[in-house]
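Asks: Input sequences plus hints: build the corresponding full structure.
2 protein chains.
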Amino acid sequence: MSQANLFYAQSGGVTAVINASACGVIETARRFPQRIGTVYAGRNGIVGALREELIDTGKEPAESIAALRHTPAGAFGSCRYKLKSWRESAREYDRLMAVFQAHDIRYFLYNGGGDSQDTANKVAELSIARGFPITCIGIPKTVDNDLPITDNCPGFGSVAKYVAISIREAGLDVASMCDSSTKVFVMEVMGRHAGWIAGAAGLASESEGDPPHIILFPEVVFDRERFLRKVRSCVDRHGFCTIVVSEGVKGPDGRFLSEAGGSDAFGHAQLGGVAPMIAELVKQQLGYKHHWAVADYLQRAARHIASATDVEQAHAVGKAAVEFAMAGKNAVMPVIVREPGAEYRWSIGEAPLAEVANVEKKMPAAYISDDGFHITAAARDYFAPLICGEDYPPYEHGLPRYAHLESVLAERKLPAWTGA
Amino acid sequence: MSQANLFYAQSGGVTAVINASACGVIETARRFPQRIGTVYAGRNGIVGALREELIDTGKEPAESIAALRHTPAGAFGSCRYKLKSWRESAREYDRLMAVFQAHDIRYFLYNGGGDSQDTANKVAELSIARGFPITCIGIPKTVDNDLPITDNCPGFGSVAKYVAISIREAGLDVASMCDSSTKVFVMEVMGRHAGWIAGAAGLASESEGDPPHIILFPEVVFDRERFLRKVRSCVDRHGFCTIVVSEGVKGPDGRFLSEAGGSDAFGHAQLGGVAPMIAELVKQQLGYKHHWAVADYLQRAARHIASATDVEQAHAVGKAAVEFAMAGKNAVMPVIVREPGAEYRWSIGEAPLAEVANVEKKMPAAYISDDGFHITAAARDYFAPLICGEDYPPYEHGLPRYAHLESVLAERKLPAWTGA
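Line by line, the protein sequences are chains A and B. Using our numbering, the first residue of the first sequence is number 870, and each one after it goes up by one. Using our numbering, the first residue of the second sequence is number 870, and each one after it goes up by one.
Because the hints were derived from the structure by calculation, they are not lab data. Be a bit skeptical, because a hint or two may be false.
Pairs involving identical chains hold if they fit within one copy or between any two copies, as the list cannot separate such chains.
[Unchecked claim] Here are the simulated DSS-like cross-link-like pairs (lysine-lysine), alpha carbons at most 30 Å apart as the crow flies:
{"hint": "1", "residue 1": "K951", "residue 2": "K1152"}
{"hint": "2", "residue 1": "K1158", "residue 2": "K953"}
{"hint": "3", "residue 1": "K951", "residue 2": "K1158"}
{"hint": "4", "residue 1": "K1198", "residue 2": "K1158"}
{"hint": "5", "residue 1": "K1282", "residue 2": "K1152"}
{"hint": "6", "residue 1": "K1230", "residue 2": "K1158"}
{"hint": "7", "residue 1": "K1282", "residue 2": "K953"}
{"hint": "8", "residue 1": "K1231", "residue 2": "K1158"}
{"hint": "9", "residue 1": "K1230", "residue 2": "K1282"}
{"hint": "10", "residue 1": "K1282", "residue 2": "K1158"}
{"hint": "11", "residue 1": "K1152", "residue 2": "K1198"}
{"hint": "12", "residue 1": "K1152", "residue 2": "K1231"}
{"hint": "13", "residue 1": "K1099", "residue 2": "K1231"}
Just so we're clear, the structure is a prediction, and the values are computed from it rather than from any experiment.
Replies: Printed below as a string of structure tokens:
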């Protein structure tokens, strides 16, 4: 077979381990020099292809590529840019084809969530129709853990580990102080559509009374009175109450609590953040001194405490994507398969992009306890292995040393893109 | 010399390493069985002495005491309870004396900030006046880093490391996304009266353009227009802007921005938190998409990424406190002395409690850059060694294993305390 070039792009919200997938892609591609010429990475994701801003990863030394494994966020840049149908986004697809042809790109590896897998699938189909077939492989990534078929999504395990550790540590702090000071602590976590991340924080609670005491899920309509009763009984029983709240929690009207500024439920304008709203509600109604935290990007960027399992899986799906392409597969995505048995073992499987694209995996109802405020044993069984193992980055002068890339752009061959 | 008992208490806001000081105290006291009988720890700090709730640490196995070295927060409980002058708090001082006499406590080790050292000093004086002399030794602790004489305070180095790592990681996240999404990220850190913690976050910025780009200090009056100009120029230059804001930032009227709800400056009611206010200001005035985080207790409880230097120093001051007592010293506090020379070396010195009590060490003006938005080289020289080294706790099932104590209370000998 002849040699052709490979294009890799990162898409959507980044994670602590998406660069580990990039590392897996590039390191593996370098093992096929007869078939894969240059690995280009899109500068700022797919937008880099449209703008013909192709980072020549061949210019990066092996040590820099290896360092991607322990570097958080998107080393080549990511973007929020969704290609729609062929008709609606015809100009974009035409441009992609033109850039791919101009740079002899026959492999397209797209590292993202459901939208990205939809795009990759469309490119695969279109390229055949256009007579310039491109092998398209998806690589799963999302802290939201909402891709179908795969047992879990790379990126999720590390944010899960971060939130579980954080609430355990903050919980010890509150337990120390609750006799004379803070009695209620609220930590807001990501997950606008599903409670995967909030649920994983529940792992920190191993015995009766351990933080977190209450988890507020997007899947459970917020009931002000039931919640306040639960907080009060928790403080009565344990002396304090720690709460993990998903940013996606909704009120009875179906709106996000965080968007219900000025609503009856709270009677306050609010600049955003559901944690301060919940904390204020507790203070006003129950009078407890409170503190609150919003981890925001800290949680998904926290490579310093990434899950070793997550890092391994992120690297493995990157590697598998290249191996799939070399094996002649197309329009598929490597997935993580949980093997049966009491001990956690996983392997790499594959899923057709058409079955992955635009399907959102919900958290099972069986993962939420009957009272709606915690996780079940089934949830624990699912979450527990995903946070296992530590994979510390190297440190210098007390700070993690993360990869610094040269990011040399390939020479342009086409007129400038004016569309994005 | 005859044998007597020792009372140890934790005071005020807890830290990631105050238990390392407790570990140093108890392990060292166990090396003097001829002179130190039982080490009692106050349940919830000094309140435990008033209530005669004395935890008998002799009931804890050596492994549990050793585990305190890697356990965050206050294992015996802390409190916010300040004893005032002898006249104003006469009942409390009388009660302390009664409890100490009833339990033959001749050593009082108080682990806290400036208020606590004041209390320890008063107990030392009073005990002599009452003819029951008690050796009183202070042990420094505070994330605020505001105790005088000591070069730095145990607890500060770990929070400094956490905030520097967090803004570096979140900064990489924003850099990845800024082309099409979030351009401004605001992280709020502790430090109501001084910018020590905010300043330490500046360590993450090692080269031009590295996050954090802007630091807002309590020492610098917030100037809305200058700030907005700085943000805009940063986005123009780097594509994004990361901001660390101290919770103690004040406006021109001298009030905390976080308390200026509904003020002219912002025109919004606000439930608390200066980060969302700053983020909203940027959005309204400059139109940039923003995210914000409030680390709150997460930063001071983050034992998972504690500074090894901080852990060593926290343990050392606990150990030194017992050694001081054994050497016949009284009304002193071990301090950390920075030795002269290019390479960082430290030793333990001592300071009279009378000179420590109620004196607040400000951050030097020379640590803040001329434009008021960053730290100077002098600040870097000061902060850098304090975050050096990693001291990871042990993990099980992906989560840190922190100490669990039995906390057996000594038998009561006095009537119940009715005052607190």
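Asks: Give a verdict on every hint.
Replies: Here is what the structure says about each hint:
{"no.": "1", "hint": "K951 with K1152", "result": "between (42 Å within a copy, 24 Å between copies)"}
{"no.": "2", "hint": "K1158 with K953", "result": "between (49 Å within a copy, 23 Å between copies)"}
{"no.": "3", "hint": "K951 with K1158", "result": "between (44 Å within a copy, 18 Å between copies)"}
{"no.": "4", "hint": "K1198 with K1158", "result": "neither (59 Å within a copy, 40 Å between copies)"}
{"no.": "5", "hint": "K1282 with K1152", "result": "neither (62 Å within a copy, 38 Å between copies)"}
{"no.": "6", "hint": "K1230 with K1158", "result": "between (38 Å within a copy, 28 Å between copies)"}
{"no.": "7", "hint": "K1282 with K953", "result": "within (26 Å within a copy, 77 Å between copies)"}
{"no.": "8", "hint": "K1231 with K1158", "result": "between (35 Å within a copy, 28 Å between copies)"}
{"no.": "9", "hint": "K1230 with K1282", "result": "neither (41 Å within a copy, 61 Å between copies)"}
{"no.": "10", "hint": "K1282 with K1158", "result": "neither (63 Å within a copy, 33 Å between copies)"}
{"no.": "11", "hint": "K1152 with K1198", "result": "neither (58 Å within a copy, 46 Å between copies)"}
{"no.": "12", "hint": "K1152 with K1231", "result": "neither (33 Å within a copy, 33 Å between copies)"}
{"no.": "13", "hint": "K1099 with K1231", "result": "within (26 Å within a copy, 43 Å between copies)"}
The structure is inconsistent with the numbered hints 4, 5, 9, 10, 11, 12, although it conforms to all the rest.
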